[in-house]
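Protein sequence lines correspond, in order, to chains A and B.
full-length UniProt numbering puts the first residue of the first sequence at 1, with every later residue one more than the last.
full-length UniProt numbering puts the first residue of the second sequence at 1, with every later residue one more than the last.
Hints are computed from structural coordinates only; laboratory data are not their basis.
Hints are supplied without guarantee of correctness; some may be wrong.
[What the hints assert, rightly or not] Derived BS3-like pairs (lysine-lysine); straight-line CA-CA distance at most 25 Å:
1) A:K229 with B:K72
2) A:K219 with A:K118
3) A:K432 with A:K68
4) A:K407 with B:K66
5) A:K432 with B:K72
[As the list claims (entries may be wrong)] Looking from chain A toward chain B, a few residues come up when the C-beta cut is under 8 Å (computed):
6) G88
7) S91
8) A98
9) L259
We put the beta carbon where it would ideally sit given N, CA and C, even for glycine.
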Amino acid sequence: MKAINPWFKLLTTATLVSALVISGCSSNSTESANKSNSGASKSGGSTNIKIMWWGSDQRHEATTKALKLYEEQHAGLTFTPEYTAWDGYWSKLPTLAASGTLPDIMQMDAAYIQSYVKRGLLADLSELDLSEIVDEQVIENVKIDGKLYGVPLSYNGQAMVYNKKAFEQYGITLPHNNWTWEEFFEYAREARTKLPEDVYPIDDLRNIWEWYQFYQTSKGLGPIFKDGKTFNLDKETWFEFNEIYADFQKQGIVPPADLQLYSKENDPQTDSFANGHVILRGSSVGSASAVEALLPEGGEIAVNSYPVGNAGGGWAQSTIFFSVSAKSNNIEQAKQFLKWFISDQEAGKLLATTRGIPINSDVLASIEPNLTSGERLGIDLLEVAKPNALPFYPAPSGAEDFTATYKSEMESVMFGQTTLEQAYETLVEKGKAAESAIQ
Amino acid sequence: MFAKQSRIKHQHNIAGYVFISPWLIGFLLLTLWPILQSLYLSFTQYSLLDSPTWIGSQNYENIFQKDRLFVKSLAVTFTFVLFAVPIKLFFSLMVAMLLNRDIKGMSFYRTLIYFPSLIGGSIAVAALWRNMFGLDGYINHVLGWFGIEGIGWISNPNTALGTLVLLSAWQFGSTMVIFLAGLKQIPKDLYESASVDGAGVLRKFWNITLPMLSPVMFFNLVLGIINAFQMFTSAFVITAGGPANATYMYVLFLYEKAFKQFQMGYASALAWILLLIIAVFTIINFVVSKYWVHYESEGRG
Numbered sequence: 001m002k003a004i005n006p007w008f009k010l011l012t013t014a015t016l017v018s019a020l021v022i023s024g025c026s027s028n029s030t031e032s033a034n035k036s037n038s039g040a041s042k043s044g045g046s047t048n049i050k051i052m053w054w055g056s057d058q059r060h061e062a063t064t065k066a067l068k069l070y071e072e073q074h075a076g077l078t079f080t081p082e083y084t085a086w087d088g089y090w091s092k093l094p095t096l097a098a099s100g101t102l103p104d105i106m107q108m109d110a111a112y113i114q115s116y117v118k119r120g121l122l123a124d125l126s127e128l129d130l131s132e133i134v135d136e137q138v139i140e141n142v143k144i145d146g147k148l149y150g151v152p153l154s155y156n157g158q159a160m161v162y163n164k165k166a167f168e169q170y171g172i173t174l175p176h177n178n179w180t181w182e183e184f185f186e187y188a189r190e191a192r193t194k195l196p197e198d199v200y201p202i203d204d205l206r207n208i209w210e211w212y213q214f215y216q217t218s219k220g221l222g223p224i225f226k227d228g229k230t231f232n233l234d235k236e237t238w239f240e241f242n243e244i245y246a247d248f249q250k251q252g253i254v255p256p257a258d259l260q261l262y263s264k265e266n267d268p269q270t271d272s273f274a275n276g277h278v279i280l281r282g283s284s285v286g287s288a289s290a291v292e293a294l295l296p297e298g299g300e301i302a303v304n305s306y307p308v309g310n311a312g313g314g315w316a317q318s319t320i321f322f323s324v325s326a327k328s329n330n331i332e333q334a335k336q337f338l339k340w341f342i343s344d345q346e347a348g349k350l351l352a353t354t355r356g357i358p359i360n361s362d363v364l365a366s367i368e369p370n371l372t373s374g375e376r377l378g379i380d381l382l383e384v385a386k387p388n389a390l391p392f393y394p395a396p397s398g399a400e401d402f403t404a405t406y407k408s409e410m411e412s413v414m415f416g417q418t419t420l421e422q423a424y425e426t427l428v429e430k431g432k433a434a435e436s437a438i439q
Numbered sequence: 001m002f003a004k005q006s007r008i009k010h011q012h013n014i015a016g017y018v019f020i021s022p023w024l025i026g027f028l029l030l031t032l033w034p035i036l037q038s039l040y041l042s043f044t045q046y047s048l049l050d051s052p053t054w055i056g057s058q059n060y061e062n063i064f065q066k067d068r069l070f071v072k073s074l075a076v077t078f079t080f081v082l083f084a085v086p087i088k089l090f091f092s093l094m095v096a097m098l099l100n101r102d103i104k105g106m107s108f109y110r111t112l113i114y115f116p117s118l119i120g121g122s123i124a125v126a127a128l129w130r131n132m133f134g135l136d137g138y139i140n141h142v143l144g145w146f147g148i149e150g151i152g153w154i155s156n157p158n159t160a161l162g163t164l165v166l167l168s169a170w171q172f173g174s175t176m177v178i179f180l181a182g183l184k185q186i187p188k189d190l191y192e193s194a195s196v197d198g199a200g201v202l203r204k205f206w207n208i209t210l211p212m213l214s215p216v217m218f219f220n221l222v223l224g225i226i227n228a229f230q231m232f233t234s235a236f237v238i239t240a241g242g243p244a245n246a247t248y249m250y251v252l253f254l255y256e257k258a259f260k261q262f263q264m265g266y267a268s269a270l271a272w273i274l275l276l277i278i279a280v281f282t283i284i285n286f287v288v289s290k291y292w293v294h295y296e297s298e299g300r301g
């Protein structure tokens with residue numbers, strides 16, 4: 001017995017070890033396979049719905065509570081929620097789409113929904129009857145090619161907020177709703193003469209393409225990508241706009257470039273509105289609470305509409321949706337849940353304004369008495385944004401390179417490294433390239 | 001006889017493969033396979049949402065002929081490598097020499113100084129750096145004591161890259177530890193006999209420390225260059241490539257192409273180009289090393 005080949009011994013041990021490892025792996029995988037099977041096949045009347053959203057902690061907490069409530073009311077139905085912050089969400093979703101494992105229900109944004117619809121990833125929800133729940137016009141506005149791919153969850157909009165205390169303190173004429181761009185620029189010039197040196201009337205947002213687009217669309221010239229396809233940067237308007245800002249920079253009406261780029265929106269430390277360097281800026285309804293929280297004690301925020309042109313200004317519409325995966329096995333259950341999600345009073349109380357102003361007016365009415373001042377600010381913002389609102393024009397998918405270039409080129413202009421003419425040429429080139437990428 | 005021998009040899013091999021199989025399977029499935037796949041993808045157009053379509057060398061042609069950002073990000077990355085690597089090497093060598101003395105409690109100091117490196121590459125440090133070099137940050141605060149008006153170090157295109165170089169130099173720990181180990185290897189008698197011959201501190205450094213340390217220096221240089229080319233975290237967190245693309249690192253460019261614009265094929269091509277660049281630099285390093293790296297065992301000098 002002594003003569004056992006040592007190699008043989010070795011081999012046996014190794015085989016044993018690897019067998020253990022492999023069986024360990026495989027038992028795991030059967031387990032998880034079973035799990036996902038039971039989820040999909042509703043064995044024994046149980047349904048598991050995967051749901052994913054992005055947002056803040058408040059939103060996560062409120063939504064999880066609402067899901068629990070629905071589970072209690074519907075025996076045999078469970079949710080597998082998954083939630084992240086905005087950035088991570090949009091890097092994760094495409095990988096899920098690529099592997100064919102999109103959740104049953106996913107939160108969607110107006111800026112992204114089209115590219116998902118284009119690839120046939122979202123289920124058509126047109127047959128879901130929301131007539132009693134959501135304003136018909138709202139539903140029409142969010143349809144894509146005549147079909148509904150996302151249940152709108154809330155109203156959103158864009159208007160301006162200003163630091164009322166500062167205005168009064170320095171005796172600056174208060175802005176008024178539906179002011180024109182000329183009046184907006186005039187305000188900036190006037191305020192400069194009255195404000196201390198390191199406080200500025202407005203931001204220098206030349207590097208934000210949307211900001212310029214507001215100017216162009218308000219003049220009735222259409223968005224930078226007309227119909228989401230044709231490149232439409234109006235040369236004359238663009239130069240006019242940027243020359244005004246270049247002049248503002250020279251006169252110190254807007255912050256110097258390094259201060260401007262240091263400011264991160266809604267960051268308590270660096271946000272130029274929060275630390276009092278700038279006294280007026282834009283805000284969406286969704287971030288109203290955040291803006292309110294930023295202002296130091298004793299500050300007072302007032303709202304005002306965006307500057308308008310002959311076509312209008314700003315925007316007000318629904319931008320957050322819940323969509324259902326086209327591959328989901330639970331489309332019907334998902335639809336019923338979504339209807340409940342936006343119309344149930346109890347759910348409404350739990351969710352409050354964590355996704356903006358509730359789309360259903362009954363729900364809104366029931367929670368209105370309990371709103372915080374920040375939430376009420378959101379409602380005020382919506383009120384002033386609505387009358388002259390233009391549609392929301394997101395960048396079409398395929399224009400990512402253009403928007404990134406817009407930012408960096410205009411930053412070069414702000415630092416005097418590139419001339420306006422050079423920047424314009426680069427932008428036209430990128431715009432044309434985007435045109436062909438969109439097709 | 002011959003047949004039996006080869007059978008034993010064969011068995012021998014199997015046992016070996018079985019033993020390394022946990023690693024081997026991991027390597028084949030999780031490393032080699034994705035690498036090959038990315039090579040394939042670099043010849044396709046692939047948005048993650050659609051399936052990849054073969055477009056031949058189109059990605060590479062576009063990168064070399066049309067993409068200004070490619071040139072810009074390469075320029076930024078080369079500048080970074082050019083400054084960050086030597087500064088970091090110099091700095092960590094100096095610290096290593098300081099820590100190579102016989103002082104009471106030295107191991108405590110060593111731990112203390114190595115400490116930043118444990119957390120150096122993390123998001124938290126990057127965020128801290130962002131605050132320190134911000135307009136209202138500590139750096140400007142300290143400058144203010146001397147009556148100097150600070151600037152937005154990370155929001156100014158002229159200084160942003162320099163800030164990142166500084167951060168990379170501050171993460172000297174692992175390089176320093178390797179230097180320290182190298183310094184410990186140098187026989188004391190060399191220094192003693194040099195002292196007897198009347199050599200000064202500088203001369204000892206130049207004629208003993210540097211040549212004896214050159215293999216370690218070479219190792220750190222190669223690793224340093226490879227790491228610097230792949231710099232990502234701090235550019236991503238502190239400056240996000242801005243302002244005006246002044247810190248738009250190559251890998252950041254690659255990341256944005258892949259995960260913001262979903263051009264996976266294009267990004268794969270970029271990754272392969274980076275691999276080639278790093279390979280070329282490493283080869284150059286090895287070729288040039290013949291002229292300055294001194295291996296004692298070879299008896300050259």
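Each hint, compared with the structure:
Restraint check for A:K229 and B:K72: the C-alpha separation of about 28 Å exceeds 25 Å, so the hint is violated. A C-alpha spacing of about 30 Å is found between A:K219 and A:K118, which places the hinted pair above 25 Å, so the restraint is violated. Restraint check for A:K432 and A:K68: the C-alpha separation of about 49 Å exceeds 25 Å, so the hint is violated. A C-alpha spacing of about 19 Å is found between A:K407 and B:K66, which places the hinted pair at or below 25 Å, so the restraint holds.
A threshold of 25 Å between alpha carbons decides the hint, and for A:K432 with B:K72 the separation of about 21 Å falls inside it, so the pair holds. With 8 Å as the threshold, the beta carbon of A:G88 stays out of range of chain B, its nearest partner Cβ sitting at about 10 Å, so the hint is violated. For A:S91, the interface hint holds, the least distance from its beta-carbon to any beta-carbon of chain B being 5 Å, beneath 8 Å. Contact between A:A98 and chain B, as hinted, is supported at the beta carbon level, the nearest pair being about 4 Å apart and thus within 8 Å.
The criterion of a C-beta within 8 Å of any C-beta in chain B is met by A:L259, whose closest approach is roughly 6 Å, and the hint holds.
Of the numbered hints given earlier, the model fails hints 1, 2, 3, 6; all others are met.
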